[in-house]
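Enquirer: Spelled out, the chains give:
There are 2 protein chains.
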Amino acid sequence: MSKRIGNQTVSLSVPPKISSRAAIVGPKEGKGPLGLYFDYIFEEELWGEKSWEKAESKLVKEIFSLLERKMEKSLGEINYLLAGDLMNQCLASNFGLRESNIPVFGVFGACSTMAETMGLGAMLVDGGFADNVACLTSSHFCTAEKQFRYPLELGNQRTPSAQWTVTGGGGVILSNKGAGIEIQTVTTGKIVDMGIKDANNMGAAMAPAAADTICAHFMDTGFPVEKYDLIITGDLGSIGNEICGELLRENGIDTNGRLNDCGLLIYDLDDQDVHSGGSGCGCSASVVAAYILREMEKGTYKNVLFAGTGALLNQLSVQQGETIPCISHVVSLNTK
Amino acid sequence: MSKRIGNQTVSLSVPPKISSRAAIVGPKEGKGPLGLYFDYIFEEELWGEKSWEKAESKLVKEIFSLLERKMEKSLGEINYLLAGDLMNQCLASNFGLRESNIPVFGVFGACSTMAETMGLGAMLVDGGFADNVACLTSSHFCTAEKQFRYPLELGNQRTPSAQWTVTGGGGVILSNKGAGIEIQTVTTGKIVDMGIKDANNMGAAMAPAAADTICAHFMDTGFPVEKYDLIITGDLGSIGNEICGELLRENGIDTNGRLNDCGLLIYDLDDQDVHSGGSGCGCSASVVAAYILREMEKGTYKNVLFAGTGALLNQLSVQQGETIPCISHVVSLNTK
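Line order of the protein sequences matches chains U and E.
For the first sequence, our numbering assigns the number 1080 to the initial residue and increments by one for each residue that follows.
For the second sequence, our numbering assigns the number 1080 to the initial residue and increments by one for each residue that follows.
Isolated chain U, as found in the complex:
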């Protein structure tokens, strides 16, 4: 029986519930406006490890450990882990989960990874392939700067349009039983490349991809925009957020104050010197897992549309003068 509605969306017949959520962040993120929401804040970027890479792997390991501990035992076993990250060959996820003893699907969607794992995970649960799946991702300012840009020791200046990679991560467990916030629809993104080449302005590059999949969601489902109390992208930053709002309006979707971005929420943009806001897989992962879902539990929001956004570039593609292909995956988070 087909669960497809429209070109890019599936409607889940038994919507998976979010049965556990966890987020851990680094010192800068802990000092930001959402500090009180995170499960744990570590005090320096190395977190007691010998390298930033090992610190990011530890982050993944500890998030998964928290997720497991916070899940009700009566829900049964975790059947799959879905994880990926920004490091070359998704190192943080693969090293962080190597002792898990649970089947792993590695995914890569750059900063859209959290939404991608939640979309795929929801389908695996709804399809009867799993009782519980864990979806998680991470990023680390130092591993990302070193890999994508310049050695940190250089102290390079950043352009005003640049975003700050979040040191942190988050995850959820999706279950076929229990109560809680559920995922009712999954709208999967196409790759969108509008010809932008500036790797220091990824918000502008990603905004068209976000608008594309959000539009597809409303077109496929026929839902009015008012269904959602919040449409949260992750992570466009201030420039991308503005462009995304404009593109949605041009397509007849007036978000009317409902549109926000994880990269704008995690830092105090006036005081924390992060220019356009936060970015990195761990930004939307930690903001959604710690803050958005908590506010939904409290009743602040009833229905939220989460659009993860990723820039599918690498260091070589920038050096070779290529444009930046982007993607956005959308999942709906619903209070029953």
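The hints are simulated quantities; they were obtained by calculation from the structure and are not laboratory data.
Where hints are given, some of them may not hold.
Copies of the same chain are indistinguishable here, so a pair counts whether it falls within one copy or spans any two.
[Claimed, not checked] Below, a list of computed lysine-lysine pairs in the DSS-like style, where the Cα atoms sit at most 27 Å apart:
1) K1152 x K1082
2) K1276 x K1225
3) K1082 x K1256
4) K1256 x K1225
5) K1082 x K1415
6) K1149 x K1415
Using the hints, position chain E against chain U.
Expert: What follows is chain E alone, placed relative to chain U:
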């Protein structure tokens, strides 16, 4: 309704059919023993592009174009693309598919990527989320050597245990209608790290992961080893193939001549100077899509167990003295 059998395996209720398959390889692979099976062989590693990276992206694009053209139009639309590759941030897949205008799930399983996309894709079709999904991957000797090892211009010597990254790729389309070879079970791998640190002996590192998931398949399903005419790993090479056979025997699975490896089939190991055999995402992808499935169509094999194997390392993890975590994903290919 749960489709789970055992800890790591799912049994598909309406097994997806392989409705299209395509493989393209480079010059060295074209001169190998399977040369006649591939859809297209390009004559030099750059394939008319300005960089090896662009050549690998072109490879992905052309494989997808072939897959689309070879699929029967009556089967309907392709709903999802599942793809990933070895390049940092899966560049070849993301650039190669950026004009596809089809929703994309990026996956990363190193050289197990082909089996991973087929496993996930089969579940998306069987679960009613898609009518057709395309699963594809690639690798390129020059992009891989440059990224993981040394500049090619150095002409470094290779150790006898090293494998040769295949320039090539392949893919399949899985469909909920039509006739043809089907995927009946998917056994998803756990990460296995036996402490091997030698990045020039990846076959030895990956063999325990392959044996682990193959054992899980037989334990979960209760099938006798005789059900399969061939158990094909991809890509362990000669050293890994031997270790895998031994590990299976120790676990009570006597493959009795049934165990072979894509990395041993694609090159002439005596004449083509590839040391332990082929490797890279494109090795098992092209060998399975072009050769294994063709031989199944001809009736040479009735049932084949395909175990994709991946080494989840990156250049930094080797430099930091880390061991090599590995994974293997298993799908069964069955003639109805």
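Enquirer: For each hint given before, does the structure comply? Return the numbers of the non-compliant ones in rising order.
Expert: 4
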